[in-house]
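Participant: Each protein sequence line maps, in turn, to chains A and B. For the first sequence, our numbering begins at 1279 and goes up steadily by one. For the second sequence, our numbering begins at 75 and goes up steadily by one.
Note that these hints are calculated values from the structure, not bench results. Just so it is clear, CB atoms sit at the ideal spot from N, CA and C, and this is done for glycine as well. Treat the hints with caution; some may be incorrect.
[Stated by the list, open to error] Estimated spans, in silico, between C-beta atoms of each pair:
1) A:ASN1318 - B:ILE210: 35 to 41 Å
2) A:THR1444 - B:ARG297: 43 to 49 Å
3) A:THR1444 - B:TRP399: 45 to 51 Å
4) B:PHE265 - A:HIS1500: 30 to 36 Å
5) B:ILE210 - A:GLU1387: 20 to 26 Å
6) A:GLU1387 - B:PHE265: 24 to 30 Å
7) B:ILE210 - A:THR1444: 40 to 46 Å
[To be verified] Computed, partial: chain A to chain B, Cβ under 8 Å:
8) ALA1301
9) LEU1304
10) ASN1327
11) HIS1333
12) ASP1336
13) LEU1350
14) GLY1352
15) GLN1353
16) TYR1370
17) GLY1371
18) LYS1372
19) ILE1381
20) PHE1394
21) MET1485
So the chains spell out like this:
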Amino acid sequence: MNDAIIAVDKVTKSYGGVVANDAVSLTVPRGRITGLIGPNGSGKTTLFNSIVGYHPIDSGSIRLDGQEISQLKGQEIARLGLLRTFQTTRIYGKMDCIQNMLISVPHREDRYSDMFSRASGKVAEHADHLLAFVGLYEKRHLRAGSLSFGQQKLLEFAMALMNEPTVLLLDEPTAGINPTLINGLLDRLKRANSELGITLFIIEHNMRAIMNIASKIYCMAHGEMLAEGEPGEIQRDQRVIDAYLGEN
Amino acid sequence: MNLLSRQNLPFALILVVGIAAPFLFPDYMNEIAILWLMIVFASTWDILGGQMGYNSLGNIVFFGAGMYICAIIQIGLFYDVGMYTSGARTTHIVFTSSQYFTGFAIGLVVAGIGAAAIAIIAGWIVFGLRGPYFAIGTLGLAVASGELMASWDWVGAASGISMPVFPGGPGVQRLFFYFLLFVLAFAVLLFVRWLYSTNFGLALNAIRDDEEKAEAMGLHTLRYKRTAWALSAVFLGIAGAIFGNMNGFIEPRDIAFPVATFNLFMVVMVLLGGKGTLWGPVIGAVIFHTVKEVTWTYFLGWQFIALGVLIVVTIVYFQQGVAGWLMEQFPDRFKPRTAVTREREPALGSRLAPHPEGAE
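Only chain B is shown next, with the shape it has when bound in the complex (with noise of 0.2 Å):
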């Protein structure tokens, strides 16, 4: 096991990046954290946009309720949630060290882990309808989920929730939120890679070329579809954990369940970088957050029009993305990936030996 492989390379280059960047540019600490942030957003919705084929408008639902939930969790501890959302509240409320890292550490799991109950519930629902449909389907949950947590006075309803401060000094607060989100995408690469490599990433892709013939063929498409959502779920209801906390306030509409800002991203991002890809949706949120940053910064008041036109141009002209235009240019370089590679022909025994005319 050769630990600098080709295959190795990259992940060994995003670990010396990752942990030397807040180091080398302490000034752009929280932008870098929230690219990687971006990273976990693309990779995840490319399980099912990419390789599966099914473009989800409400992957943010995930991201959203993993916030919500955690938040529950660190006060509902400790304190009474109402009586801590309540606007009506004089008291000042501190939590100590433990009392924290206790209720961030334990909701952070059940985070991940609501989310994705919550993909399993939807995922009954919303998998009877494919295409368009599906989009659209999957988008009315993003929008309702945002409205209801804004109507929903236990949670601060549409004033939302101060979160609980973090314990500790300003740079120690900002390298802890990085080092998290930065180890969040370390890991997500890291899983879709193995996933991509089992029957799993095999029975994606049979869905997304002829979904109608992998049914026939007995595959469980509906136990794939559903799990592979699932698990894009756990990554993003951990994100919007760390995001919460991260942010110091979290509220329904802009900061958990953001429909025209991040979970739009998701889909330009990968696009942008080429779906179906392991790196595609890597690059696609390094250009599109570099991009996104810049624009911010010096045509303040235009960024959104620059990105509507990266938006456009990336949809109408390269909707192949990077990976895959770098595919279509070096094919050689990407060889296809298969489990096992002979470079004899199989011995073949007295049944089924080939036919001596052969095909074509």
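Chain A on its own, in the form it takes in the complex (with noise of 0.2 Å):
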């Protein structure tokens, strides 16, 4: 069990008759980077949104370090440091950078109290410390709302790392992300990953960049887990091509 921080098994979800995922199990390993492809539609985002509790599945199970939590609400999910990003980039848009980032410490042991205490120094040093990873201290005391849709995105992935989750799940992370710009936010993810030891969890449609920085990937298609393996196994994999091709 301590490999894996995510378990999900035989999960189903369907909306009205649509089948989005169809007994869906995968292991997401501690500390590692995994990776999650698919065609357009097929269950991808759905999966994402069951594991964080963003909606009740119809059935399965889902752990996280061996905890159920199929049945919590997402908060309570996100307060166990399981966390998630958007794939329409979700900001505090009139709210300014640091503010945005200030708000998003971790609320695992709040009490009633803390909700009148003031960011400390501390906090607000880490806050700027992070807004410099990503690029965004210059831009600091702009409103969140006014920054390009590729600062936006970098300002969640900060945001997200405030959170300080052990476990990341992030929805398409380059997309509508200026090219050039990529491989910044590519060595960012890998850092996140080896120097805060956070489990990152990735959507993605680039297929050179999830190639690029996951350990393990899977691929689903029509709501169902089609394939898993190694970055290179996965390439060569016969049915990816296939649902890649629309084969199927």
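Taking the hints as your guide, dock the two standalone chains into a single complex.
Facilitator: Given below as structure tokens:
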């Protein structure tokens, strides 16, 4: 059990008559970077939403570090240290970058009195530090809503790091980012993993990117788990190639 | 700590104006007292409506609840409430000075606590609602509260309660209630300034900007929402208790739970002044109350039409309000407020040094 930090077992989720996830199983190894690929509409984001408690699942089990979380609410799961970023970037648009960071501190042990406390100098310094890490330090006083889409993605990533998660689920982190900046982002993802020890589970359409950083890849198609393996195996897998070329 | 810094200057100004006004303009003392009440209304409404993005149309519930709770305490401490409010009562009841002030003091405290308790209980129900559904749900609470009190005989039902008479001359009475409302308004302003400088302010803004994101980040959103409403309720409950005694007579529909006047004024004043700011609600309250009093005095009969025009113009053409407009015109004068400002970049350790390429 020690090896898998997330264990998804036969999770099924349907919207009305459409089965978005059909008995999907996977494990995310602790401390590594795991990728999830698959054509549009194959059920990747639905699976993410199931894991983070965004919607209830129909059947199956999801465990975080051995603890069953499929019945918990999203906020409770987030407080356990399992965090997600959104495909359509979500930040607090009317607040400036520093405020976005300061309210993203972990809420694991919040007491009622903490509602009325102020960010300590240490927390503020950590926020500055992470903003510098994603390259937004110069823009820290700007309203988050006025940043470009790519910068908002970086801010959302920094906010997630501020929350000190043990596992971070990223939904298409490179989508919509200027190609010249993708390398920088991938490098930051790798360093969040290696230096902060955060387990990453990433949905990605950019094959070159995900093959580069992930040590294990899952491929979904039509709501089912199609294949799993190391990047090299997945790239050679005929089923994966067929799914992407529309053979199925 | 400079007491006359730029941030404290408005407070010093208000303190001077508030203390001097009843002696400079004794004829307008009641109107100015109501202005302080309006500032309490606007500033407490803005906690939810402006800072948190939840448009409540039911805040008047706490005002009316505070008014009735205080009345029941003031009477019930010394007499039987059912007997006191009975239409068949023929004896004249006089409260002594000490009875009046003891009852009133205890009543004020219980009114604040009781209103907050109602907010916490009602919050369980209505905070499942979002957007326009929250507005309608809270409006339902306000209407229902008025109707409930109007059918409850023990508290006088629709014919209301004659409050204990103030043990002093009319001049002292006016000054007494003027200063109570002024102190309350001043306390509210100090309180919200402090509140918005803590994590609470950040959390309210986060809920306003993207509540789902805040939930996904693990924020205790429901806890913040209920506490925010309860804090507004404390001040509104106390305001209701003061206003009921100032008025001398309370009844459910037009004084305690006036859905179409005070309840609506809260929203209009905040929109007019600029929601989500510290001073916007105050500016809105001053403009609104002045326009209202002037039209009442000089255009009697047209006053509600004039107010209606003001409301429509505000909502259609001037949603950002006075404060929002000023911030658009003079952005440099309103630098973003942040917890810590440093001129130099933070010293970076070996961990997570900034990427050499930087961002865009």
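Participant: Holds or violated: GLN1353 (chain A) as interface residue toward chain B, Cβ cutoff 8 Å?
Facilitator: holds (5 Å)
Participant: Within 40 to 46 Å: is that where the Cβ-Cβ distance between ILE210 (chain B) and THR1444 (chain A) falls?
Facilitator: holds (42 Å)
Participant: Cβ-Cβ distance between THR1444 (chain A) and TRP399 (chain B): within 45 to 51 Å?
Facilitator: Between THR1444 (chain A) and TRP399 (chain B), where Cβ atoms are some 46 Å apart, the hint holds.
Participant: For the hint 35 to 41 Å, verify it against the beta carbon of ASN1318 (chain A) and that of ILE210 (chain B).
Facilitator: Check passed, 38 Å falls within 35 to 41 Å.
Participant: Confirm or reject the claim that ILE210 (chain B) and GLU1387 (chain A) have a C-beta distance inside 20 to 26 Å.
Facilitator: violated (37 Å)
Participant: Is the distance from the Cβ of THR1444 (chain A) to the Cβ of ARG297 (chain B) consistent with 43 to 49 Å?
Facilitator: For ARG297 (chain B) against THR1444 (chain A), whose Cβ atoms are near 23 Å apart, the range 43 to 49 Å is violated.
Participant: Closer than 8 Å between Cβ atoms is the bar; does PHE1394 (chain A) clear it against chain B? Give me holds or violated.
Facilitator: holds (5 Å)
Participant: Measuring from beta carbon to beta carbon, are GLU1387 (chain A) and PHE265 (chain B) in 24 to 30 Å?
Facilitator: The hint (24 to 30 Å, Cβ to Cβ) holds, given that GLU1387 (chain A) and PHE265 (chain B) are roughly 27 Å apart.
Participant: PHE265 (chain B) and HIS1500 (chain A), beta-carbon distance inside 30 to 36 Å?
Facilitator: Once the Cβ atoms are compared, 57 Å apart, the range 30 to 36 Å for HIS1500 (chain A) and PHE265 (chain B) is violated.
Participant: Regarding the hint that ILE1381 (chain A) lies at the interface with chain B, is the smallest CB-CB distance below 8 Å?
Facilitator: Constraint on ILE1381 (chain A) satisfied, holds at 4 Å.
Participant: Using Cβ atoms only, decide whether GLY1352 (chain A) comes closer than 8 Å to chain B, and label the hint accordingly.
Facilitator: holds (6 Å)
Participant: Identify whether the interface hint at LYS1372 (chain A) stands, where standing means a beta carbon of chain B within less than 8 Å of its own.
Facilitator: Holds, about 5 Å.
Of the numbered hints listed earlier, those contradicted by the structure are 2, 4, 5, 8, 9, 10, 11, 12, 13 and 21.
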